[in-house]
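2 protein chains.
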Amino acid sequence: MNKIVLAQINPIAGNIEYNSQIIKENIKKAKEEKADLIIFPELAIMGYPFGDIFMRHKTIINKQIEELNKITHLTKNITAVIGFAEPTEDSEKKPYYNSAAVLQNGKIINIVRKKLLPNYCEFNDYRYFEPAKETSEIFELNGEKFGIIVCEDSFNDKLFFKNECLYQTDPIEELMKHKPSTIINCSCSPTRNGKEYIKNALFSSIAKRYKVNYIYVNQAGYADNLAFDGTSRIYNKKGELTLRAKSFEEDFAIAVDFKGKIENLPKGMDKKQDISVFNLNYKNDLERTYKNLILAIKDYFGKNGFKKAVLGLSGGLDSSVCAVLLADALGKDNVWGISMPSKITSKESKNDAKELASKLGINFLEIPLAEEIDVLKKMLGNTFSQINTEKFEKSTTIENLQARLRATLLWSVSNEHKQMLPIATSDKSELYIGYATINGDMSGGYAPIADVTKTKLFALADFLNKYRKEKNAVPKAILEKPPGAELKINQKTGKTVCAEEENMPYEFLDELIWFVETKGFGYEDFLNHKFYYETKHKLSREQKEEWIKKFFWKSHCAVYKWHILPPSVITDSHSINLAEYRQPIISKVN
Amino acid sequence: MNKIVLAQINPIAGNIEYNSQIIKENIKKAKEEKADLIIFPELAIMGYPFGDIFMRHKTIINKQIEELNKITHLTKNITAVIGFAEPTEDSEKKPYYNSAAVLQNGKIINIVRKKLLPNYCEFNDYRYFEPAKETSEIFELNGEKFGIIVCEDSFNDKLFFKNECLYQTDPIEELMKHKPSTIINCSCSPTRNGKEYIKNALFSSIAKRYKVNYIYVNQAGYADNLAFDGTSRIYNKKGELTLRAKSFEEDFAIAVDFKGKIENLPKGMDKKQDISVFNLNYKNDLERTYKNLILAIKDYFGKNGFKKAVLGLSGGLDSSVCAVLLADALGKDNVWGISMPSKITSKESKNDAKELASKLGINFLEIPLAEEIDVLKKMLGNTFSQINTEKFEKSTTIENLQARLRATLLWSVSNEHKQMLPIATSDKSELYIGYATINGDMSGGYAPIADVTKTKLFALADFLNKYRKEKNAVPKAILEKPPGAELKINQKTGKTVCAEEENMPYEFLDELIWFVETKGFGYEDFLNHKFYYETKHKLSREQKEEWIKKFFWKSHCAVYKWHILPPSVITDSHSINLAEYRQPIISKVN
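Chains A and B, in that order, are what the protein sequence lines are. When we follow our numbering, the leftmost residue of the first sequence carries the number 1129, and every step to the right adds one. When we follow our numbering, the leftmost residue of the second sequence carries the number 1129, and every step to the right adds one.
Bear in mind the hints are in silico, worked out from the structure with no lab data behind them. These numbers were taken from a predicted model, which means no experiment stands behind them. By construction, the Cβ of each residue, glycine as well, lies at the ideal position given by its N, Cα and C atoms. Among the hints, a few may not be true.
[To be verified] If you want the footprint, here are the derived chain B segments under chain A, 3+ residues with CB under 8 Å:
hint, region
1, 1228-1234
2, 1528-1538
3, 1707-1718
[Stated by the list, open to error] In silico DMTMM-like cross-links for lysine to aspartate or glutamate, where the CA-CA straight-line distance does not exceed 25 Å:
hint, chain 1, residue 1, chain 2, residue 2
4, A, Lys1221, B, Glu1262
5, A, Lys1647, B, Glu1195
6, A, Lys1261, B, Asp1385
7, B, Lys1471, A, Glu1670
8, A, Lys1616, A, Glu1645
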C-alpha cells in the first residue's frame, strides 16, 4: 500500500534556485509524512511558461540539471517523479525533450519523454522539444506498477475524442502494453472555461477502460497571461474520483491507497460548456472566473515584487469590478482608487465611485482635473494653430486627452510609491473594437479584466455582490446605468454619450465576439445569422448590417491595441491575448 | 530555351483579393513578355507573416483556394509556380501543408509540399503546417527538368552546414534522385545582418555541386516586425550568379536561358558577419540597415493606410535619426517635428532640433512646455499630499511626467490629423535596460529604431550624413554630445544628467547586449570576459562588476516594456522583438 503525495507547486520560469527550493521542501515534508512517492508537475524545475528564455540563456539548463542532481540525492527512502527539460545533445533534433525523471535512493532510475507536443493556442512545445519516439518503461513500487505520461500524451484517446484527435498515435495505448496498474500524468495545464469537465471525463474514462489508477498532478499559479488551476486528482480503477486537490492555489495532497481528501470545485467548474448556442447566462462560470482573475492578480504582483495598486475610479462598471478584484487579491489597504472627475463627469458618477471605495474600504482620493484639462487644451490649441488647424476638429482628441491625463496621474502615483502598479481597466468587449485609449484607460502595469466581456462583467459584478462576505460592494446604480466613458456630451440630449450609442449594444457585440472566436464566423455568416439579441429586440436589416460592418472594421483597426496591451490573464475559452492568439497588425481577415 | 520571370511581389497577409490581383497582373505582364515560366514566392496568395489568422478566420483559406483556381485559369501558354496553404483535411495532421503549385494551361499539374518546418525565432511553421513525407516530383518545360523546393527545404545541406544541420533529412538530396536540371526555391525569407552571405554561398554551392541551375524567388516588403529583402536570383550549373533582382523592393526580373540583370547589392550585404569578436565597426552593415529601416517605415505606414508622422525632436541622436528616416521614407512634407522644451532643456538642444528640421526640410514647431509641467506638478503635489507623501521623493516621477506630456501632445496631434502616426523614438540599447518611459518616448504608432543599438545609431547617423543626397542633415553637435534625455539636472554640476552617467557607457552596454544575444553569455561569463571597452579605457574590477550587475537587473525589469513596445522592424542579428524572441515577464534568466 503506497502513500503518495501530489505536490501541486507554483514555480517561476527560469528561477531554478527558487523552484528547486520548493521542490526540496516538498520532498522533506513528504518524507516526514513517510510517503513512498511524491509527484511534481511537468517541467517543475524549469517553471512554465518559459517563453524562449532557454534558447538565449542556455545556462539555465545547466543549472536545472545541477539542481536535478541535488534533488536526486534527497530521495533516500522515497521515490520522486519530476518534470524537467532534458538536453537531446543532437543538433539535428530539437534541443530538449520534455521529460519526467523517476528519482529513487539517490539515483535517476527512469526517464520518460513526452511524445505529443502541442503547438496551438498558448502551447509552443515543438519550438523547444523533440518528440519522443520510444515507448515509456514502467517502474515498480511496493508491488504497484507505475507508468508515466506527460500532459498532452494523455489527450489523444481515440474512443474519447473520436474524430477530433490531433495526433496519430495514442501514448496511453502504447503505455498500456507494459501493463501498468497506475498511470501518472505530470502536467502544466492552463485553465479555461469548460476544460475541467473534459479533463474529468477523459481521465475517468481512461482509468475505467484500462482498469488502472490514474494520478494527475498539475501546476498551480499564474504567469504571463496563463493561469493554472492545479486541481490535481486521482481516479481509481473504476474511474471514480478518489482524491482532488485544491483549485487555483498550491496544495500538498496525500493519498493512501489512492484515496485522499476531495476538495470542492469552484461552482460550475465541473459543468460542460455549451457551445451549441450563444446566450447571456454566465452563472456556471462565475466562481471559476473570479478565482482565475484573483489568482492572476496575486501572482502577477507577487512574482514581480509589487504589493499595491492604483486605479482610476470612474463610477463605471469596469473600474468598479477591477477595484473589487484588486481589494480581494491584494488586500483593501493596498489599493488606491482615485476619482478624477472632469467638468462633464456627472454628480452620480462621482458619488458612485466614492460609495464603491467606501464599501470596499480601499484608499480613496478625488482629484478634479478641470484646470489641468483646460491648460492642456490651450497647449493643443496653440499647437494645432501652428499646423493650420485653427480649432479642434475631432472630439476624440479631447476625449483621449482626458483619458491620457488620468493615466499620467496614475503612473506618476505608481512612480512615486514603492511596489505599486497602475491598473488598465479596459474590458474585452471594448478592446475588441478598440474602444479604449492608448496611454489612457488601456495603459497600466496590469489589465485584470482584458479577457472578460462586458455582459459577463455585469454578471460577475452581480455575483460579487452576492458571493463576497461584504455584500453589495458594487453600488446598484453602477449595475443599472448604461456603460460609457463620460468623455463627451451628446449635443442633442445634453447628456454624456453612452458607449452603446457610439458602438452597438453590448449584447450584440458580445455575440459577434463569441461567434468569431468559437465558430470562426465571417461577415457573410453573420448576415444570415439570427442573433440572440433579435429574439428580444426589434432590429432592422440595415441596422444589423451596419453593426456587423462596424464590428469588423473597428476590430481590424484595434489589432494594434491588442499588441501593446499590458499583461493580463486569459479566462475565456478564446481570447485576443497574444499569448494565445496572434493576429498580425498588417493583415485582413474579412 | 526558357524565358523565366522571378515575380518578387509584396503581398499582405490575409488580403487574398489584393494578393491575387498583383499575382494576376504579374502573370499578365509575363505573358506579354512571352515568358514560359513565372515563379512567385512561398505562400504568395496568403501573404506572410500571417500569425494565427487562418486558425480563427478559416474563410481565408477557402478564398485562397478559390483565387488559386482563378489564377490557374490564367495559365494558358504559361507555367506558373506559386506558394499557397493547402488544406490537409485530416484532423490527425496539422491543418495545412505549406505548398507550391505548378499551374499550366488552366490546370494544377503538380503540388510540392514543404518538408522542413522551421519553428525557431520568427518562424512558427509547425504551428500550422504538416511536414510533407513524400519526395517531390519534377515537371518538364521545353526540355528542362524543374524540381521545386520551399524555403527551409534548401537549408539543410550537410556538406555546407556540417554539424549545424537542424534536421535529419536533406530535401535537396532527395529531390536530386529525380535528376532535375534546375531547382526552383520559393521562399519567404526575412533579412538579417549576415544572412545574404550565407544564402549566396549555400545556393551557389548547391548549384555547383549538383550541376543544376538554381532559381531563388523571395518575397519583398515588410509586415509585423519582419522585413523581406527580395534579392531573388539565379545561379548557373557552375554556381555562378547569373541574375539578381532588386533588394528591399518589388521586382519583376526576367531571365533568358537562366541569365538576366544583376542588380547591385546594398553595400556590405554580401559580407560575412564576423561573430568571433565584438567590435564597433558597423560599416559593412549600414546601407542594408538603412534600406531595411526605410522599407519598414514605408510599408508599415502604407499597408496600414497612414501617410504622415509626427515626432518629438529633442535635439538628441535618437529623434534626429528617426526624423531623417521618416523624411526619406514618407517624404519631408509628411513629417512634423515638434520641439517641446522644458525649463531645463538647453539652448543648444533647441537649436540642434531646429537646425535638423531645417536641414531636412520637414515641418517644424516649437511648443515650450513650461507652464503645463508646472500645472501638472501642482496636480501631482496635491495628489501626493493626500496619500501622505508631502513632496516628490523621486526625480523619476518628474522626469517621466515630462516625457508623458510630450507623448500626449504627439498623440493628440495624430488624433487630430488624418492618416498620421506619432513615433516612438527609443533605441535598442535603452530599451534593453528599460531606459525609456512608458506612455512617453517609448509610446507611438511605430518605433523605427527599436532594434538599433546606440553605437550603431551613431555610425548610422554618420553614414546618413555622407550617403544621402543632402549631406550632413544631422548637425555635427548632435553626433558629438553625450546622449541624454535632458529630464533632470545633476545637482553637483548644474548640468542635465547624461545617460551614460545614469547607466553605463554605451560601448560597454552594447557589448553586453551583443554577447547575450550572440553567445548566450550570463553573469559569470561576463566577469571573466575582457571587454572591447577595456582595451581603450581603464576599468576597475568593481566598476565592471557594478555595470554587469546593473545590466542584468535593469534588463530583468525592462522585459515588461518589451511586451508593450510599438511595432518596429528587426534589423540586427538578434533582437528583443517579440516576433522573434519571447521572454516572459515573470521569469529569471540569471
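Status of the hints after comparison with the structure:
1. 1228-1234: violated (count 0)
2. 1528-1538: Answer holds; 7 residues pass the 8 Å Cβ test.
3. 1707-1718: Coverage by chain A holds for the region 1707-1718 of chain B (10 residues, Cβ < 8 Å).
4. A:Lys1221 x B:Glu1262: holds (20 Å)
5. A:Lys1647 x B:Glu1195: holds (23 Å)
6. A:Lys1261 x B:Asp1385: violated (47 Å)
7. B:Lys1471 x A:Glu1670: violated (56 Å)
8. A:Lys1616 x A:Glu1645: violated (32 Å)
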